[in-house]
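Trainee: Residues per chain are reported as follows:
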Amino acid sequence: MTAEMIQSWSIALVGGVLIGAAAVWLMAAQGRIMGVSGILAGLLPPKPAGGGDRGWRIAFALGLIGGPLIVQAVTGASAIGAPVVSLPLLVVAGLLVGFGTVIGSGCTSGHGVCGLSRLSPRSLVATATFMVTGALTVLVVRHLI
Amino acid sequence: MLKLASGLITGLVFGAGLALAGMTDPAVVLGFLDVAGAWNPALAFVMGGAVIVTFIGFRVLRGRRHPLLGTGFSWPTASAIDLRLVGGAAIFGIGWGLAGYCPGPAIASLAGGRIEVAIFVAAMVAGMIAARFISAAPASASPTSASPAALKR
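Respectively, the protein sequence lines represent chains H and B. Residue numbers for the first sequence follow this note's numbering, beginning at 3 and rising by one. Residue numbers for the second sequence follow this note's numbering, beginning at 21 and rising by one.
No lab work stands behind these hints: they were computed from the structure. Glycine included, C-beta positions come from ideal geometry on N, C-alpha and C. Wrong hints could be hidden among the right ones.
With the Cβ distance kept under 10 Å, some of the chain H side facing chain B (calculated, not the full set) [said to hold, decoys possible]:
#1 Gly-18
#2 Leu-20
#3 Met-36
#4 Leu-45
#5 Val-76
#6 Ala-81
#7 Ile-82
#8 Gly-96
#9 Ser-107
#10 Leu-121
#11 Met-133
#12 Leu-138
This is chain H alone, in the form it adopts within the complex:
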């Protein structure tokens, strides 16, 4: 194992700790699960009954965009990579990600981080499912086509 590998793993671990801290904070402060797809979808039509919580959802999304800019300002390194696939494929992938996360009630944050932390069997099944189909998709695209 090279020093560079250890460094990238430890930075990844710090990133994970921050993600966990954000999830704990949102539950402690507002009693909400930090699921990005759920928070985002709550802003979209058709509107659910109740509502009135658009403000913090928008603030959350703005913060999400601001976070990498802070990392960039502090470290001086660009934290954001470029897309690696063509535009038509990005559109198809975007549609699938948006559609799938709403139908499946969650994504990597809601099911993967918060759900696994609650030891939810439902989230374990969802996380295992999207990990497997994600890996299979990469396998097909990179190695079989």
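Chain H is fixed; fit chain B onto it per the hints.
Mentor: Leaving out everything else, chain B in the frame of chain H:
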């Protein structure tokens, strides 16, 4: 006002975490999913770190009556493991494996100012709206029986 600030702080910490974790670089994400190729396991540490912190934090919060800025905790109550859950997760996974973006990192990557990322996010939002209309369809047909599901969402 406090909820706005809290939401912003959550987003900032989460977004900074995603950037440090490498989740805002689709090449890193696809490298993690590429188990048959040059597998890059770093994202397992991201997931591990996040789950350990959240597991401990949620345990502490379980005993509390109400959150700092609200009247109650919205712990998820759904437990059904059905076709909807598995099918939705499978569809999401395919999209994730195609482009290397899941919803959080996609939004966070808008900070890079690339038009392609904005197009991905627009497509993602369109997919979400489509799924929400499909999900809401039974509610308009029979409002009384479907309203609890609509409220939960």
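Trainee: Take the hints in turn and mark each one as holding or not.
Mentor: Here is how each hint holds up against the structure:
no.	hint	result
1	Gly-18	3 Å, holds
2	Leu-20	3 Å, holds
3	Met-36	7 Å, holds
4	Leu-45	9 Å, holds
5	Val-76	9 Å, holds
6	Ala-81	4 Å, holds
7	Ile-82	4 Å, holds
8	Gly-96	3 Å, holds
9	Ser-107	7 Å, holds
10	Leu-121	8 Å, holds
11	Met-133	7 Å, holds
12	Leu-138	7 Å, holds
Violation of the numbered hints given earlier is absent; every hint is satisfied by the structure.
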